[in-house]
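Chains X and P supply the protein sequences, listed in that same order. Residue numbers for the first sequence follow UniProt numbering, beginning at 1 and rising by one. Residue numbers for the second sequence follow UniProt numbering, beginning at 1 and rising by one.
Warning: the hint list may mix true and false statements.
[Unchecked claim] From the derived model, a few chain P residues whose C-beta atoms are all more than 10 Å from chain X: (1) S76; (2) Y367; (3) E371; (4) E406.
[As the list claims (entries may be wrong)] The calculated label-pair distances, taken between Cβ atoms and stated as ranges, are: (5) P:C253 with X:D16: 52 to 62 Å; (6) P:D66 with X:D16: 29 to 39 Å; (7) X:E140 with P:G194: 34 to 44 Å.
[What the hints assert, rightly or not] Now the stretches of chain P that chain X is said to cover, found in silico as 3 or more residues with beta-carbon under 8 Å: (8) 127-135; (9) 149-159; (10) 444-452.
Just so you know, these hints were derived from the structure itself, not from any lab. For each residue, glycine too, the CB sits at the ideal point set by N, CA and C.
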Amino acid sequence: MATFQAGLLLQKQLKDLYKNPVDGFSAGLLNEDNVFEWRVTIIGPPDTLYDGGFFNAVMLFPTNYPLSPPVVRFVSEMWHPNVYPDGRVCISILHPPGDDPNGYELASERWSPVHTVESIVLSIISMLSSPNDESPANVEAAKMWREQRDEFRKRVSRCVRKSQEMS
Amino acid sequence: MDFDDDYYSGGEEEDQMLYTDDDTDAEDFDFIDNASDSSELALSNRHHVRNYTVLSESDIRQRQEDDITKISTVLSISKVAASILLRHYNWNVGKIHDEWFADEEKVRSTVGLLENPVMEYKDASEATCGICFDTYPSGEMLDAGCGHPFCSSCWAGYVSIAINDGPGCLLLRCPDPSCCAAVGQDMINLLASGEEKEKYCGYFTRSYIEDNRKTKWCPAPGCDYAVDFCGGRGGGGGYDVTCHCSCSFCWNCTEEAHRPVDCDTVAKWILKNCAESENMNWILANSKPCPKCKRPIEKNQGCMHMTCTPPCKYEFCWLCLGPWTDHGQTTGGFYACNRYEEAKADKEFQEAEQQREIIKNSLERYYHYYERWATNQSSRQKALADLQQMQTVHLEKLSDLQCQPESQLKFITEAWLQIVECRRVLKWTYAYGYYLPEEEKAKREFFEYLQGEAEAALERLHQCAEKELEVYLNVKDPETDFNCFRTKLSGLTSVTKTFFENLVKALENGLSDVNAHAASN
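Chain P with its partners taken away, still in its complex shape (with noise of 0.2 Å):
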């Protein structure tokens, strides 16, 4: 989806103006620290409780730290031992105390956790290494607690094939095939290079969130958060979250955030919109239309006399798109496509045609709703990168030539808080509706009603905090008085939003308001 790369792409640097965590470079942009609590605010007030919470590294690591402390103490095995145990149980601390007690020895087998080694060489002075042959003292052997030894130089090599393949290394066994002994930690850290160590720890923190059902990380491009969700599905408030890179998805789906429409309304949504316009750019690049009935056709013969198929049944020439009466000889004509022309531009086809209609109708109400969707989709973007502009320019400029402080001026990042909110749930509606059953007719009605209603609303915002505010940027004393327009935007930014909530609730209830008041009636 090339709107979501744009918009991710193009977001990420006004983003994180926007969220500035407070540890960071706080005294100088207090402002923004402000409006980074409002924006949550405004941004999630519809979860009365957040029902997620975004990691950065460092508290997965922590976090990972936590769950090995907890085990180790709680099964008194070594801290090495119990990080194989998490990453075997996809770091589900319940499950392994379930298991461990319940039966230790299968836990310890299937993990490849060795009480004792199967074999003993230590007690010799020399060993051969099971990978190269060659003799080597004992001392200098390894093994990973099976007894089964290999020379040092065969081990690092081991180790690192296996971290340079992938994240299968956090579950690397004893190089013996009928051995299960898993390979720690403690070995890799003895074992692998630099590079190599630092590729494993990443791959164990990635493990976290993973292998976790309740983890995932934020699909934002470069962004190393992750979010986890502890909200059941019913517990309102759906699955959208906001990272603290300020991308809203939804957790389900990892998709933008969609609210009021459901996961599958988005999938279908997205899968039509990718096969519509592959279809269009085949049409483009593989066919002409017909110079009468404008159906696309595409030359499968060698020759130029084109006939469209009936009813049209019109003839026409494939390279000038003319008529074939004025090519054939039969018809007085003469083939001079050879020669250059100046391409006749011919009016006459122009008219609308019965033919073409048919064919444009299914297409037509698709780009209906898909242009929508699209428009309010770059407007949106559009409205973040004024948002931004605001912030980091605008506020300061109005700030000095209006004589308010910055902090009375909050009313207007709200405006436009509300702005991108709301643009993005009109989006979906679009989505919505045409997915909603043409036979529904009071329940379209209502949806129409509704999405009218918010949308009139909307625009006044956005034309309100877009044009009106120009004036004040500009003239120190303008005719209005500023309060004034402070009253305005900040009426406008309340009542739009009642609008969205109003839509928002309907759909999410699938607009079920419909047949209770048909019923009443």
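Isolated chain X, as found in the complex (with noise of 0.2 Å):
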């Protein structure tokens, strides 16, 4: 698949969020110039302990997307088990499709050439609401979910306060 179609329907996929917003979380380009660039804004979901957060991230996506899958990285800070300290996200829908050569996820949680921002930016969102802190990317706040709910949950309420500072 040429740039040319990805750059297309990624630019379809822009004009379908400006014109059907979907709750939860806004999307747009980093810089109008580039439709492989995005930025995003995603809204702590409520009864979380993110509820109330405004947590920025940009997604990165490959010439060959919808092939391979876009990087995500928060810009925002973030505590969360799948979020690695630099930011990055860390869900199995978003693996190359190489990183799983033995196939131990199944088929469904991985890539697939189907996922759309829409999609990618709702798997996030669920995320935060369900850690899962058996392969964790930050192997400390993994740590602190499981043995320290409390320490936890004040480390991510200095970044939710943080994150409406900056918004």
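Now that you have both chains on their own, put them together as the hints suggest.
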């Protein structure tokens, strides 16, 4: 699939999102000239520790999107077992197809070209409400989540406050 | 393991010569064919019934085809569906039958063979591709039998990424994450490029060997044969198999053939060898031996004035390894190691030192066995090379010179094959010896006796095949008759064979004769 088609597809998704915004997040381009770099603001899902936060993230799409997944990185400070300390989001649907040669992850959990910006962000929102501490990207956060829930809660609400000040 | 690499890479060509298949160059290499028959006999005569089959790539494809046909006929499904099932069940035909007839629905849904599409788009004139969201005439859309429509260019990209990712493409499913429909070979043939199709077929063939518990690839580099092992664990003859490429390996652990020693001992021994050699390398690279007690010393502080640890306590200079008394001002010497002087050869400190002995002893026991193991290994490699030289050059020459038809010279090839095999066995008996507990005195003695007898016989045979044969290669009418030589070499071959058979038998019994013997005394 050519870069040209990837660009068209992203353009189309952008237009759709402008026309029919989805609850829970807003999306746009980082820079109007480049359709491969997106900025999304995710609203902390209600009734979770992240409630009330406005978390900014960038999505970088490869030129062979949708055959390969984008990289998603939080630019707002984030404390979560499945987010690397540098902000990169680690969820199975964003793993490039080659990462799991033995097929441990179910096909339905891995990247598939049918995923869109919308389905990716919705997965991230669901990740915020239910962390997976079995294969953590941030080991310290996962340990805190498991063993010192209070401490974890404090740490997250600090992130939430910070995200409110920034926006 | 360096040895293995050397052996295999060095051995490949000659081995192919040795074991030329009947269908290639049969006329030109008639005598080699004979040799290959006898060699197979010699190398595998201990398997009274061969409990394994060597499979070529075409054999594998044939077996796959047979299995696919069987499944497709019995279950009345298409061949594409049959091959999806077989891959999913690791080519286990029996298991497919059982599960399919127990619960066809369940099998279909786990494997992804849908009976009916979950959605219909063919009735409409147009459909939207689930990947690029473009609209195409329904006739141009494809699906994996599930009815999720994608355009052919998105499909091609999807398939291509999957194939280039590796063998996982054999279990490819519909791009829709909620759908489990399997993508069969028919779709691959329709969508993939020539190169990708080839890759896919390669993975498909490999899956037959790699997913099957009873088959393994021959571990020799560059060898495309696989071995199907049908013997049971206790079926006698052990796990040793010989591939058509002449590589002998243990089917169980895929190390080189190691009868009569068991796989655990071999694994321990190999690990020990790498660990020891790494230790030695590190010591050589990072330490100097104390000039007095010879213990290796690592320098971890700045100054050149070294004091060896008690009880040695020798003080010396790190740079020149000379005594510090020559360096320090307090002892009347002066520091002069900045000057280039010819290294002083100090003979005085070469006396054997108690300390040194203690450290050496534990290593020495290991080196004793390792050295003998390694020597037999290299001796075997040399014998293989000699055997090849014999078959390609010397036999013909010998036949001319001694007026013997080549068919009458088979006994020489047999002798060499026996040597090659005996060197292998002997080599492994040294690993066995290293792990035989010191306390079991009677067993040790018996083992060393048997090993000694066998080794002596082998040396006589090797000597005769190597040195005494030379005479007949150079002189037309030697003093002793060629027929005498024939009798001697054939005799030695069979004697050696018996000695080694006894040795192998005894070790495989765990030297149990000793106990019986001790009891009767």
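Checked hints:
1. S76: 27 Å, holds
2. Y367: 42 Å, holds
3. E371: 42 Å, holds
4. E406: Holds: least Cβ distance 53 Å, greater than 10 Å.
5. P:C253 with X:D16: 52 to 62 Å: 58 Å, holds
6. P:D66 with X:D16: 29 to 39 Å: 52 Å, violated
7. X:E140 with P:G194: 34 to 44 Å: 50 Å, violated
8. 127-135: holds (count 4)
9. 149-159: holds (count 4)
10. 444-452: Coverage by chain X is violated for the segment 444-452 of chain P (0 residues, Cβ < 8 Å).
Going through the hint list in order, the structure does not satisfy hints 6, 7, 10.
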